[in-house]
Amino acid sequence: MRGGENCLEVFSEIFPQADLFTLIHIPGSVSPKIEKLNIKTSFLQHFPMSYTRYREMLPLMPSAIRSLELRDYDFILSSSHCVAKGVLGGPNTFHLCYCYTPMRYAWSAYDEYFGNDRLNWPMTYLVPKIMEYLRRWDFESNSGVSDFVAISHTVSERIKKFYARNSKILYCPVDTELFQSTGSSSENYYLVVSAFAPYKRIDLAVKAFNILGLPLKVVGGGQDFEAIRKIANSNIEFLGWKTGKPLVELYSNCRAFIFPGEEDFGITPLEAQACGRPVIALGAGGALETVIGINSENYSIPVGRNTSRHLDSEPTGLFFANPEVEDLVEAIEYFEKNENSFSSESARSQAEHFSRHKFKNDAKQMFMNAFEIFKSRNRD
Numbered sequence: 001m002r003g004g005e006n007c008l009e010v011f012s013e014i015f016p017q018a019d020l021f022t023l024i025h026i027p028g029s030v031s032p033k034i035e036k037l038n039i040k041t042s043f044l045q046h047f048p049m050s051y052t053r054y055r056e057m058l059p060l061m062p063s064a065i066r067s068l069e070l071r072d073y074d075f076i077l078s079s080s081h082c083v084a085k086g087v088l089g090g091p092n093t094f095h096l097c098y099c100y101t102p103m104r105y106a107w108s109a110y111d112e113y114f115g116n117d118r119l120n121w122p123m124t125y126l127v128p129k130i131m132e133y134l135r136r137w138d139f140e141s142n143s144g145v146s147d148f149v150a151i152s153h154t155v156s157e158r159i160k161k162f163y164a165r166n167s168k169i170l171y172c173p174v175d176t177e178l179f180q181s182t183g184s185s186s187e188n189y190y191l192v193v194s195a196f197a198p199y200k201r202i203d204l205a206v207k208a209f210n211i212l213g214l215p216l217k218v219v220g221g222g223q224d225f226e227a228i229r230k231i232a233n234s235n236i237e238f239l240g241w242k243t244g245k246p247l248v249e250l251y252s253n254c255r256a257f258i259f260p261g262e263e264d265f266g267i268t269p270l271e272a273q274a275c276g277r278p279v280i281a282l283g284a285g286g287a288l289e290t291v292i293g294i295n296s297e298n299y300s301i302p303v304g305r306n307t308s309r310h311l312d313s314e315p316t317g318l319f320f321a322n323p324e325v326e327d328l329v330e331a332i333e334y335f336e337k338n339e340n341s342f343s344s345e346s347a348r349s350q351a352e353h354f355s356r357h358k359f360k361n362d363a364k365q366m367f368m369n370a371f372e373i374f375k376s377r378n379r380d
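Numbering-wise (our numbering), the sequence shown opens with residue 1 and increments by one.
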């Protein structure tokens, strides 16, 4: 269960009687707890390709989200990384958006998705036009949101940049009950757990380990899988998707977790730390808020009232400066010489600051306080 689904499951615990609206629902694709909710879908659900080619329906998604009927609801909580925040409520509806990022493909990661000759004709003409429309819609639709809550300082800055809106910060949770050390000694491999999306930069990790010749296990799959697999040497093993205990075992037994891309938040470094393992991460984005780097003094660390970092704690990883193969190779070589500087106890302690229990309590208090303020303003 990945980060967004993990959050949604906690929301379902806070609001167990709530209706769940979604553009498309593939039965059995989410956790049993979410499947039990009263799930309502958009007209996209009835399209023949909705289960297998839903990404290609992106231009239709604004219309689909606006077609959902929520005018009679007092409180809308949108869990949004694409178009969910564009849902329409009534004139007296409080709409709180828990935002994973402003629409990534249209804003911050446009080049990663559509640059570097990724598009063929006629898409080189069509995609810029579609994205221009989506950016305009995405900006205009944020006016229907009463309050934004961002998953990290990184995302809060994007909300300010792209929507000109302020936001509170509530970090995503990690399941510290599931993800914990198995107690066995680490084995001689490094680990990546990720979807194979362009901005994840799995290619960076593969190229670095091609040079180093060290064992690397890669968990995950996605659109770039075949291209990345073709460039990998024999020291790199692709395992497909893993969940539950097999994934916990992989985390617990690795020497270190590799996190090569700039993420909005990034749940996998916290899963690794919950299992007692250190993280080697790009010094940008959400990793700066979840990993205590042995070289943190070299980076601009977000500090604020809602920050769960504890900079006086022992290090739980290290950062590399730029998304370049040479920088990652240098960081891994540093780790090889200083592996004893990192303890399982420190990693676990850092992860516990992001537990589901804490997230649930903080979310409930934050959401209800915001709702009460909204109601009091409406009464005035």
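Check each hint, because a few of them may be wrong.
[As the list claims (entries may be wrong)] Derived lysine-lysine pairs resembling DSS-like cross-links, with alpha carbons at most 30 Å apart: (1) K242 to K230; (2) K245 to K36; (3) K217 to K242; (4) K230 to K217.
Just so you know, these hints were derived from the structure itself, not from any lab. As the structure is a prediction and not an experimental result, all values here were calculated from the model.
Structure-based check of all given hints:
| no. | hint | verdict |
| --- | --- | --- |
| 1 | K242 to K230 | holds, 21 Å |
| 2 | K245 to K36 | holds, 24 Å |
| 3 | K217 to K242 | holds, 12 Å |
| 4 | K230 to K217 | holds, 15 Å |
Going through the hint list in order, the structure satisfies each hint without exception.
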